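Participant: So the chains spell out like this:
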Amino acid sequence: MLGYILRRLLATLPVMLIVAVFVFLMLRLTPGDPAAIIAGDNANSEQVSLIRNRLGLDEPIFTQFFIWLANILHGDFGESFFFKKTVTELIASRIEPTLALSLATIMIAVTIALPLGVLAAYKQGTLIDKIVMGFSVLGFSVPVFVIGYSLIYLFAIKLNWLPVQGYQRMADGFGGFLQRLILPAVTLSVIYVALIARMTRTSVLDVMNEDYIRTARAKGQVEIKVLFKHALKNAAVPIITVIGLGVALLIGGVVVTESVFTIPGLGRLTVDAVLARDYPTIQAVILLFSLVYVLINLVVDLTYTLFDPRIRY
Amino acid sequence: MASRSLKTIALFFAAALTLCGTAGAKTLRVSLHSDLKIVDPIWTTALITVNHGYMIYDTLFALDEKLAVKPQMVDHYETSADKLTWTFTLRDSLEWHDGAPVTAEDCVASIKRWGARDAMGQKLMSYVAELAAPDDKAIRMTLKEPYGLVLQTLAKPGASVPFMMPKRVAETDPQKQITEYVGSGPFIFRADEWRPGEKAVYLKNPKYKPRSESASGLAGGKVAKVDRVEWIWIADAQTQVNALINGEIDLIEAPPHDLLPLVAEDKNIELFVFNPAGRQNAIRFNVLHKPFDNPKIRLAVAYALNQKDLLDAVIGTPKWYVECKSLFPCGSPLESTKGWDDKFTSDFAKARALLQEAGYDGTPVVLMQSTDIVSLSNLAPVTKSLMEKAGFKVDLQAMDWQTLVTRRTKKDPPNAGGWSAFLTSWASVDILDPVAASFLNASCDKATFGWPCDAEMEKLRDAFAKETDPAKQKAIAEAVQMRLIEYPTHLMLGQYVQPQAFRKNVVGLLAAPSLALWNIEVK
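Just so you know, the sequences run in chain order A and B. Take the first sequence: its position 66, counted from the start at 1, is 82 in the working numbering, and no numbers get skipped. Take the second sequence: its position 372, counted from the start at 1, is 904 in the working numbering, and no numbers get skipped.
Where hints are given, some of them may not hold.
Only some residues are given here: those of chain B computed to face chain A with a beta carbon under 10 Å [what the hints assert, rightly or not]:
#1 Lys708
#2 Thr711
#3 Val714
#4 Gln772
#5 Gly923
#6 Lys925
#7 Val937
Partial list, derived from the structure: chain B residues whose beta carbon lies under 7 Å from chain A [as the list claims (entries may be wrong)]:
#8 Ser566
#9 Lys569
#10 Gln709
#11 Pro728
#12 Ala767
#13 Asp768
#14 Thr771
#15 Ala775
#16 Asn778
#17 Gln934
#18 Thr938
#19 Lys978
Calculated directly from the structure, the hints in this document are not laboratory data. As the structure is a prediction and not an experimental result, all values here were calculated from the model. Think of the CB as a built atom: it goes at the ideal place given N, C-alpha and C, for glycine as much as any other residue.
So that you can see chain A by itself, here it is in the shape it has in the complex (with noise of 0.2 Å):
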């Protein structure tokens, strides 16, 4: 287990220098030029020259490259073209509001959707299966902006129960945390319920007719233990894999949520930094999200081994 765990680490060195070439080149071949906003309005051609110089933007692309890349094996992600900040600085300062809300969207979505989806594969056919499913299709189709503008509409503006946006962290006291954290996560949770219920209910589907359900049914085992002990423990795998996906989409594509209920998460960083054409914080936070990806696939795969022991590494 250790070896293989070792070797997938490992792997993920050239999947990063990929990452690292590609995004590096894709910045530089797309349209807009840092210096050119930075400048403003009323710069000349010169203005913008001198500050192309000093970003060290007028260097050959291969120059800039190597020394970004020289810096990188150094742990030095460079400073940002705006705010007066390394990147490094920057991305701390915005991960724990994109792992707050992750978590909780995910915590919220696997807490109502295993239930919902195990009920609707028990419940086959019947209504409650289809109001299920119903649910799962509305929550796939309708946009993450229309859950949060209606939610905030009736739980911040009528009732004013909780706050129309912002985000406190956890430091600042975990009340003003949770409240600021309910509304956005349940929207983000939405269309991550409607995904987890469908896959549950397909996988448990897929094993209620094996043998071992039967014999777990003649032993005399509640339906309840049959559902959750064997079937749905059974039907893991690809639950897991969706879960660990969404785990992965939420930490870097939370944009929407994140504008509309005004987080200042990774999303937003990236939205903005994208806009501004802030090149070293761009490369650093899709480094940062391809390290995301690959290491929650690799805890993917290892889980893998604790529902199913037919898999070994």
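On the provided structure of chain A, position chain B as indicated by the hints.
Facilitator: For chain B alone, kept in the frame of chain A given last:
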């Protein structure tokens, strides 16, 4: 029952949060048009950084609400009879936020750093023979020849304001950002609480000595009446409005015009036009390449367009805009429509005649459209439609604003990655006269993007700069406006204002050319 429990929990959290957060201090929470990314107002022209500058720095002179120049940090000033020597004496007891006294040497260093970056500052410095501090309170500026815009330049609002900084800070290379944020203004920046992408925090400067006059525009007594100001960055306009309605913020600097009816419906919210001068839309030409290398073809655009259609497309209701054919903002001292009354009438016959006279050969106009700035994006399709009716061929190319600002630096032909024209807008305070308005700079390669090249225009701008008599300045400004017909560098496409939305418990908002958050109380 469950609902009641949930509500109780929510109320508990809300109460706990309120108790933790306020502790009796008066806080003004505002949502501005952008996130504060850069905090050096000399290094960037970003409007959000200018707003930040007015919070923590002060200026030697400032414009009042009628756009008249008034002394601010300066107590009094003298001019020699030959108008070559200006002596500015600082007010007593001015202090930096770190407690050190403000000295003339600090101001000299500040003017020099700003003068190295800002176009108007560069112009002023090109007339300066010596800038010195003969004592702690006197700044002496000796000119090579009389310059008519000394006070206007030192009081300039808008992009790149001459803010005063301590000498050690002002001696930072103008091409690099400062790293210390010490001013002498009415608020103190809390760098430790600044979270880019989230919020910026300012505390009342208890040692600030406001002028005795009442506050007017950016001049007069800047009295901070709240203990703390929080700039909360809310990227989504609808969320800004929701937060205002819910009382989570007190003021929105720039709610989009299409959301104003929603805001106005709420009985706890009011609208206020803080900057009556507003902004002017403009189309900028690239004169290096066909078809706009020919001034007559550029003038044909003025006949093809009309301001009403363009303003309707981006602002909507006439309540917030004014058709203004003056080169210099309507409502400003140099306002005049001389020479332009017959333009912007969508007189397609006249436009077609001009095109024929100029020998327009059907070369497509590459018109750049920015798609991500609400107040600009609809201008381009309307412009295209009107120009096509006059006989132009228009190639509308959509892109985000950042791509546009990059592409506009390219001098390549339009069909090889360059461009012919783009649409933008200017704060009216940035175009108050021929020297300030950088689109009128026609010094060829040294001009801003579009690179107009016209010796006559430059001669007039220089004459304006040297003239010290306001009546003669006005006459020169009119001559510039007339010259624009012969040699259009750009065209003015109407003026609009941006109301602020605020909760009714906020009082004391000031009409000013830039955002002024002093004088405001939260009841």
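Participant: Evaluate each hint against the coordinates.
Facilitator: Tested hints:
1. Lys708: Hint holds; lysine 708(B) Cβ to chain A Cβ min 8 Å, cut 10 Å.
2. Thr711: Check passed: Cβ of threonine 711(B) comes within 6 Å of chain A, closer than 10 Å.
3. Val714: With Cβ-Cβ at 15 Å, over 10 Å, it is violated.
4. Gln772: holds, 8 Å
5. Gly923: violated, 30 Å
6. Lys925: violated, 23 Å
7. Val937: holds, 5 Å
8. Ser566: Nearest chain A Cβ about 10 Å off; hint violated.
9. Lys569: At 5 Å from the nearest chain A Cβ, lysine 569(B) passes the 7 Å test, so the hint holds.
10. Gln709: Interface hint status for glutamine 709(B): holds (5 Å vs cutoff 7 Å).
11. Pro728: Nearest chain A Cβ about 5 Å off; hint holds.
12. Ala767: holds, 5 Å
13. Asp768: holds, 5 Å
14. Thr771: holds, 5 Å
15. Ala775: holds, 5 Å
16. Asn778: At about 5 Å, which falls below the 7 Å cut-off, the nearest Cβ of chain A leaves the hint on asparagine 778(B) intact, so it holds.
17. Gln934: holds, 5 Å
18. Thr938: Holds, about 4 Å.
19. Lys978: Nearest chain A Cβ about 6 Å off; hint holds.
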